[in-house]
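Chain by chain, the residues run as shown.
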Amino acid sequence: MLVGSSGLFGFETQVPALTEDIDIAVPEGTVAEKGREIVDALQALGFEHTPGTASFSGPENALFDLLGHGDAAEGDHTGGTDALRVMVFEDLSRLLANPRATIELPAGGRALRPASFVVVKLLTERAHKGAKDKLQALLVLAERAGDEDFEVEVCALLAAVAPERLADLRAAAQAAVFSLQRDPTFSDSGAEGYAPMRHQVEVGFERLSGLLERLHV
Amino acid sequence: MSEPRKFLTANERLRQLERDRKILRRERMIREVAGPVWHRMVRVLPLSFEAQGRLVAREILASREAVIEALKADAVFAIDTAMRLAHGAGFLAVQEVQAYLVGKEPLDRLAAAGLISGEDYFDRVLVRPWPGPTRLLACLVDELPPSREAQGGYRVVTGERLGRELVGTVGPRADLFVLYEKVEGIATSSPPGDASPLPLHP
Chain U
1 MLVGSSGLFG
11 FETQVPALTE
21 DIDIAVPEGT
31 VAEKGREIVD
41 ALQALGFEHT
51 PGTASFSGPE
61 NALFDLLGHG
71 DAAEGDHTGG
81 TDALRVMVFE
91 DLSRLLANPR
101 ATIELPAGGR
111 ALRPASFVVV
121 KLLTERAHKG
131 AKDKLQALLV
141 LAERAGDEDF
151 EVEVCALLAA
161 VAPERLADLR
171 AAAQAAVFSL
181 QRDPTFSDSG
191 AEGYAPMRHQ
201 VEVGFERLSG
211 LLERLHV
Chain V
1 MSEPRKFLTA
11 NERLRQLERD
21 RKILRRERMI
31 REVAGPVWHR
41 MVRVLPLSFE
51 AQGRLVAREI
61 LASREAVIEA
71 LKADAVFAID
81 TAMRLAHGAG
91 FLAVQEVQAY
101 LVGKEPLDRL
111 AAAGLISGED
121 YFDRVLVRPW
131 PGPTRLLACL
141 VDELPPSREA
151 QGGYRVVTGE
161 RLGRELVGTV
171 GPRADLFVLY
181 EKVEGIATSS
191 PPGDASPLPL
201 HP
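Protein sequences, first through last, are from chains U and V. At position 121 of the first sequence the residue is numbered 121 (this note's numbering), and the sequence of numbers has no breaks. At position 148 of the second sequence the residue is numbered 148 (this note's numbering), and the sequence of numbers has no breaks.
For reference, chain V alone in the conformation it holds in the complex (with noise of 0.2 Å):
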């Protein structure tokens, strides 16, 4: 049964107008620790993975980058594993594998190996603060999104798909915002220093 609708005062409307402008006070506060990063970044239009497909989660049964080898000629890598592919580190604390398949094949491919659980795993929510099983996280799709070629021959995303998974998956951090710029190389025109120091996930 729905409660019955609360109607305010105008006295009521404006102290709840001042309470959401302190919000906002400290949303600036952010934006101005962060400097010019932050106005990059808010430019981006964010991209979610899960969004893209179908997200199936598999528990990993062996090791991570058995996992990746494995997934070599089927996937375009996502997220946090295209970056650590990509660049060497990551911006996620945990090491998990975000890829786009086309189809479920490469799934029961990598079961039958004992790779990767055979049943799907529940917990699909990406960045769970939680613990948990490692995971292969795959977005089924019909086409595999535009990719690039990092070393040892896997495919990731594009960079700047990279910038809009990355906003897209943990939202305006501006401290992962200027990791990404970094080792993507991307020329901005503040000066170094801007932002807050390199979370850096090896």
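Extracted from the complex, chain U is given alone in its bound form (with noise of 0.2 Å):
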């Protein structure tokens, strides 16, 4: 299941991944179980592990992490064995749990859907990677306003949500386009390349308001 920043690649959109990382998420039961087979396999294909993480680089700089998805009801936790250990995320378990968040791929595996994508990236806590979630999140959004099969299935995803979450969401979308606003150089990790977007990530925190005044949030 592609997923994080790459999950852009996985659907129709002219926002920039700016990532040189692609995350691949795999159920949990399949790492614990075949964890040593998984390092083998990518290792065959060229792909270098760096023990004891789940990042793999390969040929041409191409640089993998796997995570995994499982039990929601874990919470955030680590899965796997010594031979592959993955960080699994509570939010993104309890989404990937639904099979409509998600959609074929032509070459095969999965991907977020559009509406995932932004609600996953709405609720990623990361305070070392700053606004770069937020960004990518009000950048689809903007991307896709007046898509209104788009926006009721943002809100369903929302719904879901603590209110409290909500709030959290809201207050670090508004940092997001705070800190894009007020930094010309953008120096946030890794988002620099969004500053020339400063205008669509303000239709999108627009929208995203749109979406949650809906919510009665």
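Since the hints were made in silico from the structure, they are not lab data. One or more of the hints may lead you astray.
Computed spacing ranges between beta-carbons, pair by pair [claimed, not checked]:
1. V:D142 to U:L18: 22 to 32 Å
2. U:P163 to V:A51: 27 to 37 Å
3. U:P106 to V:D123: 50 to 60 Å
4. U:E20 to V:S63: 46 to 56 Å
5. V:R64 to U:L18: 40 to 50 Å
Beta carbons: idealized from backbone N, C-alpha and C, even for Gly.
Take each chain as given, in its own frame, and dock them per the hints.
Next comes the structure, spelled out in structure tokens:
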């Protein structure tokens, strides 16, 4: 399952992923059962495994990270075995438990649907990565402004989120807009390339506000 | 030369997530203390003054009031200056002049009259925590923004824009936003005393 910023490669969008990594979510059970086989298979394809991590670097500087998804009731935790240990995120697990949250990719595997991508990014809590997740979510929201089916889907996913987290994500989205406006060079980690898209980010924030109003948040 | 990339183990990622959650818990406490004003404030789309055009800083050589008076016909005053002209109290401790102007002609005129420096001042940071001379911060725009007339005939940004400029200047500061709401007479459903005391800067 293609997730993270590379989720932007999984659907039609003009929003650049601005990432060097490909994030792939694998069922936690599969990692636990077949961790060694996964590592061996990737190494056979020329990907070097950094021991102790779920990161692989391949030819032409291709990098990808594996993470797990499983039972959301277990919260954020680590899974797998010593051969391959992965981080399992609660929010992502909850979302991926719904098969309609993802789409099948033409070349195999699955990716997040645009609405799922937006909600996962809005809910991502990474102080060390600053505004990047929120900016990506806002840009996709702006790009699909007026797409009623998409907005209904986003609303449905947000409706399942606790009010306190909705308040968190609204504040984080505003902080992302603010940081993009304040710092013309936008030295935030990995998101420098979004600086010219300030107007679109603002449109995305307004769309998000509209959707949250619909939910009476 | 860039440093070699450090890949994190799953346990290191989990610890990082826990550290991030700690920051979030602190932010939630700030929200709790601010009360309902926080929820109104985070709805605001921030507006960056400097991003509206080309920002020029000039050192003020006369009184701040003289500069404001000299710009009366040309400017729409913004941010802290707008707040002070419209309501008699600002939200920034340092009193400078922020204004939108169309073109540099008013700056040349004020410089010729000895009210401001003829040269641009290098420091254009809008809210600077370090000392320096009092500045005129002019945002040169193609078209002046929507405005209203304050007492004395000064044109200042609209109330709605002022709120956006406030958040776009200082970020989500509930103590300042509640002051803005109060002076603008914005009706709120929150009971009085929900936010911190007002940091008035008369």
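Do the hints match the structure? See the list:
1. V:D142 to U:L18: 22 to 32 Å: holds, 31 Å
2. U:P163 to V:A51: 27 to 37 Å: holds, 32 Å
3. U:P106 to V:D123: 50 to 60 Å: Since P106 of chain U and D123 of chain V have Cβ atoms about 54 Å apart, the given range 50 to 60 Å holds.
4. U:E20 to V:S63: 46 to 56 Å: Given a distance of about 55 Å, which is inside 46 to 56 Å, the answer is holds.
5. V:R64 to U:L18: 40 to 50 Å: At 43 Å between Cβs, range holds.
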